[in-house]
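Participant: Going down the list, the sequences are from chains A and B.
If you're matching positions, the first sequence starts at 114 in the numbering used here and goes up one per residue.
If you're matching positions, the second sequence starts at 673 in the numbering used here and goes up one per residue.
No wet-lab data here; the hints were simulated from the structure.
For clarity, every value in this text was computed on a predicted model and none was experimentally measured.
Treat each hint with caution, since some may be false.
Claimed, not checked - Reference listing, derived: stretches of chain B covered by chain A, where coverage requires no fewer than 3 residues with Cβ under 8 Å from a Cβ of chain A:
(1) 776-782
(2) 795-805
Claimed, not checked - Taking CB as the label site, the calculated pair distances span:
(3) Glu717(B) <-> Gln489(A): 54 to 60 Å
(4) Gln722(B) <-> Pro406(A): 30 to 36 Å
(5) Pro193(A) <-> Ala818(B): 34 to 40 Å
(6) Arg833(B) <-> Arg532(A): 52 to 58 Å
(7) Ala818(B) <-> Gln489(A): 40 to 46 Å
Ideal placement from N, C-alpha and C gives every residue a C-beta, glycine not left out.
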Amino acid sequence: MRKFLPLFHSLVVLMMLVLAVPCGAATMVDIYGAGQNKINLAMASPLTGPSQRATALGAELNDAITTNLNYLPFMRLTSPSAVLGGTLLSAWQGAEVDFRRFQIAGADLLVTAHWPNGDRDNSTVELRVFETYSGKFVFGNAYSGVTHSEVPNVADRFCDDLMEALTGARGFFSSSLAFVKGNGRKRDVWVVRATGRDLRQVTNIPGAAMSPSWSPDGRYVVFSHMDDSTHALGVWDRMNNTVKRVRFPGNTVIGPCFLPDNRVAVSLSTGHYPDIFLLNRQFQRERTLEQSPGIDVSPSFDATGTKMAFTSSRLGSPQVFLKDFTTGTVSRVSMEGSYNSEPCISPDGTLIAYTKATPSGFRIFVHDMVTGYEQQISFGPGRDEQPAFAPDSYFVAFTSTRGGSSQIYLTTRHGGEARKVPTGAGNASFPSWGK
Amino acid sequence: MKSLKSFGLVMVLALALGMGAGCAKKNAEVENVEPAPVATTSAVEAAAQQITDGVVYFDFDKYDIKAEYRDMLQQKAELMKQFPSIRVRIEGNCDERGTQEYNLALGERRARAAYEYMIRLGVPADQLDIISYGKERPAVEGTGEAVWAQNRRDEFNVIAR
Numbered sequence: 114m115r116k117f118l119p120l121f122h123s124l125v126v127l128m129m130l131v132l133a134v135p136c137g138a139a140t141m142v143d144i145y146g147a148g149q150n151k152i153n154l155a156m157a158s159p160l161t162g163p164s165q166r167a168t169a170l171g172a173e174l175n176d177a178i179t180t181n182l183n184y185l186p187f188m189r190l191t192s193p194s195a196v197l198g199g200t201l202l203s204a205w206q207g208a209e210v211d212f213r214r215f216q217i218a219g220a221d222l223l224v225t226a227h228w229p230n231g232d233r234d235n236s237t238v239e240l241r242v243f244e245t246y247s248g249k250f251v252f253g254n255a256y257s258g259v260t261h262s263e264v265p266n267v268a269d270r271f272c273d274d275l276m277e278a279l280t281g282a283r284g285f286f287s288s289s290l291a292f293v294k295g296n297g298r299k300r301d302v303w304v305v306r307a308t309g310r311d312l313r314q315v316t317n318i319p320g321a322a323m324s325p326s327w328s329p330d331g332r333y334v335v336f337s338h339m340d341d342s343t344h345a346l347g348v349w350d351r352m353n354n355t356v357k358r359v360r361f362p363g364n365t366v367i368g369p370c371f372l373p374d375n376r377v378a379v380s381l382s383t384g385h386y387p388d389i390f391l392l393n394r395q396f397q398r399e400r401t402l403e404q405s406p407g408i409d410v411s412p413s414f415d416a417t418g419t420k421m422a423f424t425s426s427r428l429g430s431p432q433v434f435l436k437d438f439t440t441g442t443v444s445r446v447s448m449e450g451s452y453n454s455e456p457c458i459s460p461d462g463t464l465i466a467y468t469k470a471t472p473s474g475f476r477i478f479v480h481d482m483v484t485g486y487e488q489q490i491s492f493g494p495g496r497d498e499q500p501a502f503a504p505d506s507y508f509v510a511f512t513s514t515r516g517g518s519s520q521i522y523l524t525t526r527h528g529g530e531a532r533k534v535p536t537g538a539g540n541a542s543f544p545s546w547g548k
Numbered sequence: 673m674k675s676l677k678s679f680g681l682v683m684v685l686a687l688a689l690g691m692g693a694g695c696a697k698k699n700a701e702v703e704n705v706e707p708a709p710v711a712t713t714s715a716v717e718a719a720a721q722q723i724t725d726g727v728v729y730f731d732f733d734k735y736d737i738k739a740e741y742r743d744m745l746q747q748k749a750e751l752m753k754q755f756p757s758i759r760v761r762i763e764g765n766c767d768e769r770g771t772q773e774y775n776l777a778l779g780e781r782r783a784r785a786a787y788e789y790m791i792r793l794g795v796p797a798d799q800l801d802i803i804s805y806g807k808e809r810p811a812v813e814g815t816g817e818a819v820w821a822q823n824r825r826d827e828f829n830v831i832a833r
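Bound-form chain A, shown alone (with noise of 0.2 Å):
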């Protein structure tokens, strides 16, 4: 037996090595381009052995992956019951998977889950997909350690896997909104998981916070803060869990926002209009970004930070415009309408999603760098404002009265229907995404 052993360790080691690494993992779902496909995914049972279905840990990570895939526009998750002979199966790789049960049911891709050892606390499960109608193994990935509080974790990492084999973007399932909750004049600034977990507030003093933004490192929440007297740069430190106000001649702090290399771009008014400075590491004024004869707010970065999209009143009422820092030229953005304002610039420097007043209300708007072309992504009811676009240039949150008070929403570039966010009660505005 213990020359086995060797032999069995290192069978484990390929079979992680095979796991890991994703086979023929081309992108199968183009969810930037026009033409935005669906696809079909079903879930067989978990197994512990051939037929065996895990019933405790395996049941808890099935449910947690099919809840996180339903934030996914792009997929389709067909129900267990429109599989003819259940989706119980004899294996979870290899020629004895009776793939043909889950084409019948329309489904495009199948998961499979085995917990070689069992399916209690600290085990370890494989999740493996395949493409149902060739059989051809897409990816699979290997998770140990699973304990009941660490299945949500486990969840996100797979779909995070999931999503990049299936489109080449990941990041969303482990990515956080820090947000505004509150009401009337006392709001603290909160975070949550994109999915609705982990909801936990980081400030708590008197007063309003508006406009936080994540910093690129994860490290800073920063926000513009307003009591009866002043307005503040609000600065939470989650290394410390720390929270500190920082003041500036002219009182009027409004709009920050983080640059790619961690540092602040800010509107202040320093008896000119409110202009956009940018901040040194200390938030300290550094530098003047852009200034006109006219209201500059709400700066927005690409991912190179060479890019800032922001609204100026220069030309009379609120539009979008666009400053390239490599050549200095300021262009305007938005062409139609009189009050566009919030622009969030997509990380991938494509897009820029704004507010615009409509005659239903206001409604985002999504403008193609490229094409000029505009979509509209947001429908109401209510009032749809504070566009934030996520770190991979697809998702969109933002605000909406659509429930009857302020909550957060998901959608996507493309539009579609919106996703609320659970982020409990009171309102919840200013979405901004981060780590």
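Given chain A's structure and the hints, the job is docking chain B onto it.
Facilitator: Same frame as chain A, but now just chain B:
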């Protein structure tokens, strides 16, 4: 002798009354020259109330001071110059229709428009503060132009007197 005593008593009383009257008259003259502290406080209070009472209203997405409010601002400016202990926070506000960040900037422009007007009228800068509340603190809740018109405003809050 008794009548003489009575006469003397009357004289003393009369003198005492006369002195008393004289003192009262003298006090009255002093009051006329230097106003008593009570009178000063009420004057400042009256000035503070007058400064607070007048609200400046704006058109949608505008921050220019309309002609109809210039006399009011001049009156406030005169009172502030007369009572240098008074400090005023000019609070710029917007109606609910705009977006929050732009409205914070618009409220700042409204507050600063009144601030600059009063500075030009000679009010020392250290007597004035400004803040924009954007659309966060409406005077009147609701929708419709009648409501919005009352929320696009500068309020003048006396923070020291």
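Participant: Now tell me, hint by hint, if it's right for this structure.
Facilitator: These are the hints, each one checked on the structure:
{"no.": "1", "hint": "776-782", "result": "holds (count 5)"}
{"no.": "2", "hint": "795-805", "result": "holds (count 5)"}
{"no.": "3", "hint": "Glu717(B) <-> Gln489(A): 54 to 60 Å", "result": "holds, 56 Å"}
{"no.": "4", "hint": "Gln722(B) <-> Pro406(A): 30 to 36 Å", "result": "holds, 35 Å"}
{"no.": "5", "hint": "Pro193(A) <-> Ala818(B): 34 to 40 Å", "result": "violated, 57 Å"}
{"no.": "6", "hint": "Arg833(B) <-> Arg532(A): 52 to 58 Å", "result": "holds, 54 Å"}
{"no.": "7", "hint": "Ala818(B) <-> Gln489(A): 40 to 46 Å", "result": "violated, 31 Å"}
Checked against the numbered hints above, the structure violates hints 5, 7; every other hint is satisfied.
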